[in-house]
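Colleague: Residue numbers (the working numbering), protein chains in the order written: chain B, 385 to 639; chain V, 1419 to 1660.
Calculated directly from the structure, the hints in this document are not laboratory data. A hint or two may mislead.
Cut-off 25 Å, straight-line C-alpha distance, at most; resulting in silico cross-link-like pairs (DSS-like, lysine-lysine) [what the hints assert, rightly or not]:
1. B:Lys-636 - V:Lys-1543
2. B:Lys-390 - V:Lys-1516
3. B:Lys-387 - V:Lys-1431
4. V:Lys-1431 - B:Lys-531
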Amino acid sequence: MLKIAKYTVYDIARNKIILSYAIFLLVISLSLFMLDNDPSRSLSSLMSVMLIVIPLVGIIFSTIFIYNNSEFIELLVAQPVKRSYILLADYLGVAGSLSLAYLIGMALPVTIYAPGTTGLYLIVTGIALTFIFTSIAFFCAVISRDKARGIGMALLLWFFFSVVYDGLLMGFLFLFNDYPLEKPVLFFTMFNPIDLARITVMMKMDIAALMGYTGAVYRDFFGTSIGMVFTLILLAIWAVIPLIIAVQIFRKKDL
Amino acid sequence: MIDILNLEKSFRKVKVLKDINISFNAGQVVSVIGPNAAGKTTLIKCLLGMVIPDKGVVLFDGKDIRNDDNYRKHIGYMPQIGHYPDNMKVGQLFKMIKDIRNISIADCIDEELIDAFHLRNIFHKAMRTLSGGTRQKVSAALAFLFCPRVLILDEPTAGLDPESAETLKSKIISAREEGKLILITSHIMSEVAELADSVLSLQEGRIIFYKPVTEILSEMQEERFSKAIVKLINQYQHAENC
């Protein structure tokens, strides 16, 4: 399986997209750190950028990659290799390469300019988001044969998690603002990996104090080490479940 | 060696294979013939596990091929249209497949076709720059590379120049003499007569007949194989219409 992953990484390394992604992240992080003398402020801007760019690039790049990689998959299914291994190896290759680009482009500047727990949380959640959105991309690419439809679905899912979901949550809060909503909101954030990542990082920042009573409830939950472990497990589940579904479908797919 | 029992497959509402029952044994060269869209390629892909049948089983050496991937190491497959990673170089492709197959020195490697097709001269070229015929040569060389016991060749000579087609045919004949099971789909009847010892005819996903070549010739009282085949097919169609 690792052998196949190795060839996937070779293939990705040959096209320039992943390199430009790393450079793009590097330019953004360096300029944010250089423009502001206070690294903690740069860190919060960096977080906003990270929460949009990583899921978007992760999901689009991975979906397109699988469609373009169909020849490779077709070649391998006639070989004595388990089908599930082929897809998992591809996943490791894609998510690994994207994470590497992220580590170079964003984690490196963060460890240089703003070392500390907040930076560490930013790095960890960034990698988690990479793995989660690659996993969702695999799901999209496996269930639809048509490339345009697959990519469209991936884009829609990204849009849903980064914009629509929060909008719905706001609407919900507005409708039921006569009731104590802290606990339900806590519950609903679990269904959006981007929100989970955002809250995890924000809890480590000073701005958490500005979030009022909800912030306090969040802090009580996500601020503790048990809460932290819990979020990490949730993020892991978010990465694993779409991938498992994708593998199950792929095993029975006609090629 | 390969037994197919009650195989059925449909793509959405179109039934591509209808109740296929057949056995292939070692040392046989079976030619699968039939009009376009008769289900030839689907049948082959079912054998390879690339298409998952709706019903029925495929047995390889008596073992069900579902949930088994190892049996594929005994099969060399040459697709009708070979799709290969665009950026990969020809040499890298061969190296990668060897690497993924975990080939050790003890295993048999047959690079005769690589030499016969002069593929070493183009090892540095990327797959996307190759012409259709050259791709076919790469596919053929890959199919024979690991001395498989079973060869599945989907229209092997379509698109090859006459000289290369002859090279490939003589390679198939020598594989036949080694006692391998060879399945060939083809539309070229002279080729079928030259290579095959049995003919399997498919039409609209059904087996029309499965007979040795000699039997077909003697039954139809024809000298030329192509005429005999046409006659036989017409006979079956006539019988069906009555």
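Colleague: Flag every earlier hint the structure violates by its number, smallest first.
Modeller: 1, 3
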